[in-house]
Amino acid sequence: MERDRKQSIQQELKKLYKAPKPDGKRQFMEQYRKRREEQILGPVNDGKTGDARGRAGSFDRKPLSICHMMAIQCTYLTKWVWVVTAAVLGISLYAGARFQAEGWWAACACVPFLGMTAITAAFRSKTWDMAQLEQASRFSLRSIVAARIGILGMGNLLCLLVMCIWMNTAGGRQLLFLLVPYLFTSFGCLVITRRITGREGIYASAGVASAVSCMEMVLHGMFPWIMEKEYTNWWLAVAVGMLVLAIREWNRSITKMEELSWN
Amino acid sequence: MELKVDRLTKQYKNKIAVDRVSMRLTPGIYGLLGANGAGKTTLMRMLCGILTPTGGSITLNGVDVSTEEYRAELGYLPQDFGYYPGFSGWDFLMYLAALKGFDKKSARIRCQELLEMVSLTEMAKKKIKTYSGGMKQRLGIAQALLNRPKLLVLDEPTAGLDPKERIRFRNLTKQLARDSIVLLSTHIVSDVEQTADTILVMKEGQMVFQKTREEISEALEQLYMRVSEEVLE
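Chains C and V are the protein sequences, given in the same order. Position 15 of the first sequence, counted from 1, bears residue number 15 in the numbering used here, the numbering being contiguous throughout. Position 79 of the second sequence, counted from 1, bears residue number 79 in the numbering used here, the numbering being contiguous throughout.
Please note: incorrect hints may appear among the correct ones.
So, partial list: chain C residues that the calculated Cβ filter (under 7 Å) puts toward chain V [what the hints assert, rightly or not]: (1) Ile40; (2) Leu64; (3) Ser65; (4) Ile66; (5) Ile72; (6) Cys74; (7) Asp129; (8) Gln135; (9) Arg138; (10) Gly150.
Here are the simulated distance ranges between beta carbons [as the list claims (entries may be wrong)]: (11) Ile66(C) - Ile167(V): 41 to 49 Å; (12) Tyr76(C) - Gly160(V): 22 to 30 Å; (13) Asn171(V) - Gly90(C): 55 to 63 Å.
Think of the hints as simulated: they come from the structure by calculation, not from any bench. Heads up, the beta-carbon is just placed ideally off N, CA and C, and yes, glycines get one too.
When you get a sec, could you build the whole thing from the sequences and use the hints?
In C-alpha cells form, the structure reads like this:
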C-alpha cells in the first residue's frame, strides 16, 4: 500500500516538475574522455611503484625469468592438449587393465597423438598468426616455443612413464615401443609445421599421427615377432635415429623462425 | 629519447629489402610512405626485433634492439595479426600483457583501461571471431599500448576503422607523440598529412625523403608522387 502510494507521488511529481535538459553534457563527456585518455596514455614512471598516478596498471621492467614465461605458457595451453593427453592416458590405462599384454598395443597406437598435440601446440603461434605479436613482447619467439615444448615434452614423458609402469609386460623394452612411434610422429609433425602454415598444418599433422597409429597396429598384426627380445637393439637403433632426426628438424624450425614473418 | 638507426640493411639472397637506412628519431609522429614492396614493413619489423638485420644497428637511448630492455619500451601493431581460437578480446589482451611482464592485477587494470579507450568494454568477453574488422583493429591498437611504449610502431593502423574512429585514432597518436616516438606506415596519405610531424618516404629499400611538415610546402600527395618519380628518373 505504502509502496504504491510512494510510486504514485513520484509519478505526479515527475509530471509537475520536468527535469531540465542536461546543460553542457556533451562538453563534459568530451572533457572527461580527454582526461581519461591522457591518464591511460600518459607516461609511466620507473615501474617500481606502480604507474605515474600511483595506481597499479604498470609493469615490471626488470628482466623476466624463463620460469615466469613457462608459467604463462602453461596457463595458456590449449584445452585440446589436456583433452588428448587425458584421453590417451585413459585409453592406455584402461586397455592395460582390461587386456593385459594385448592392451599394450592400444597404448602404442595412441601415443602418436600425444606427439602430434605437443608439436602443433608448441608451434601454434605461426599457425594462428600470433607470431609477430609474441615476437614483439619481452620474450623471443624461440624462447616461447621452447618453453611450450619443454612443458609438453615433460608432460608427455611423464605419461609414457606412467603407461610403462602400469603395463609392465615387456620389461624395459616397453619404453622403446612407446618412444619410437612418439618420436616418429614428432619428427613428421615438425616437418609439416615448418612447411605448411595455418590450419592445414594441423590437419596434415593429424594425418601423420593417424598413419603412424595405423602402422603400429598393422605391424603388431602382421609381424608380431618384431617384439621379441632379440630385436631390442633394432628398436633402440630406430629410436636413436628418430631422436636425431627430430632434433635436427627442431633446429631447422627454430632457425627458420627469424624469417617466417617476411612476406 | 632517441631512436638511432644506422646503415640498416636487410638482404634476402638476391633481393635487398632495406638498403642502408640511417635516421635519428626523437619523440613525435613519423609518417612512413612508400609503394608496396618499398621495404616499409621490413624496416618496421627490424625496428621491432622481429627480423634480424643483415647489417647496421638499431638503438633506443643506446639500448640495442636485441635486448629485453628495448622490447620493454616497444609497442607494435602489425599489418596483419591473428589470435588463438577461443580467445576473447579480454583473453587476447591479458595474454599479451602477461608476455609484456605485467602481473595479473596490473594487467587487469591496464586491459580495462585500454578496452574502455578503444570502446570495446562491452565486447571484451566476446570471442574475437565475432568482432568486425574495425573492432579487431582497435584491439590491435590496444595491445600495442599495453606497456605505455616509448617507441610505437604502427603498420597500417587505420585500416578497417570508420571515419569517426580514424579521427579518434589520430588524436590518440598526437597525444602519445608528446613523450613517445610514433612511427606509422600507411597508404592513406590524409592520415599522415594530418598527424605526422615528419614525413619519410621509402623506395626500393632506400629512405629517399625525410623532412618535417614545416619544410614541406606542397600537398603531401603531390610530394609523394614527385619524390617517387624523381627517384625513378
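| message | Holds or violated: the hint that isoleucine 66(C) contacts chain V, with Cβ atoms closer than 7 Å. | response | Violated: closest Cβ of chain V sits about 12 Å from isoleucine 66(C), beyond 7 Å.
| said: Quick check on isoleucine 72(C) please, does its C-beta sit within 7 Å of some C-beta on chain V? | reply: 5 Å, holds
| task | With a cut-off of 7 Å on the beta carbons, see whether serine 65(C) makes it to chain V. | result | Violated. Min distance 11 Å.
| Was the hint right that arginine 138(C) lines chain V, CB cutoff 7 Å? | Status holds, d = 5 Å.
| task | Verify the interface restraint on glycine 150(C): the C-beta must sit less than 7 Å from at least one C-beta of chain V. | result | Since chain V brings no Cβ nearer than about 16 Å to glycine 150(C), farther than 7 Å, the hint is violated.
| Once the shortest beta carbon distance from aspartate 129(C) to chain V is found, is it less than 7 Å? | With a minimum Cβ separation of about 3 Å from chain V (threshold 7 Å), the hint on aspartate 129(C) holds.
| Restraint satisfaction for leucine 64(C) [CB to CB of chain V, less than 7 Å] | 5 Å, holds
| request: May I ask you to test the interface hint for glutamine 135(C) with respect to chain V, counting a Cβ-Cβ separation under 7 Å as satisfied? | output: Constraint on glutamine 135(C) satisfied, holds at 5 Å.
| Falls inside 41 to 49 Å, the C-beta gap from isoleucine 66(C) to isoleucine 167(V)? | 44 Å, holds
| task | Just tell me: holds or violated, for the beta carbon distance of asparagine 171(V) and glycine 90(C) against 55 to 63 Å? | result | 56 Å, holds
| Given isoleucine 40(C) as an interface hint, is the shortest Cβ-Cβ distance to chain V below 7 Å? | Nearest chain V Cβ about 5 Å off; hint holds.
| Has the hinted range 22 to 30 Å been met by the Cβ atoms of tyrosine 76(C) and glycine 160(V)? | Hint holds: Cβ distance 26 Å, inside 22 to 30 Å.
Consistency with the previously given hints fails for numbers 3, 4, 6 and 10, ordered from lowest to highest.
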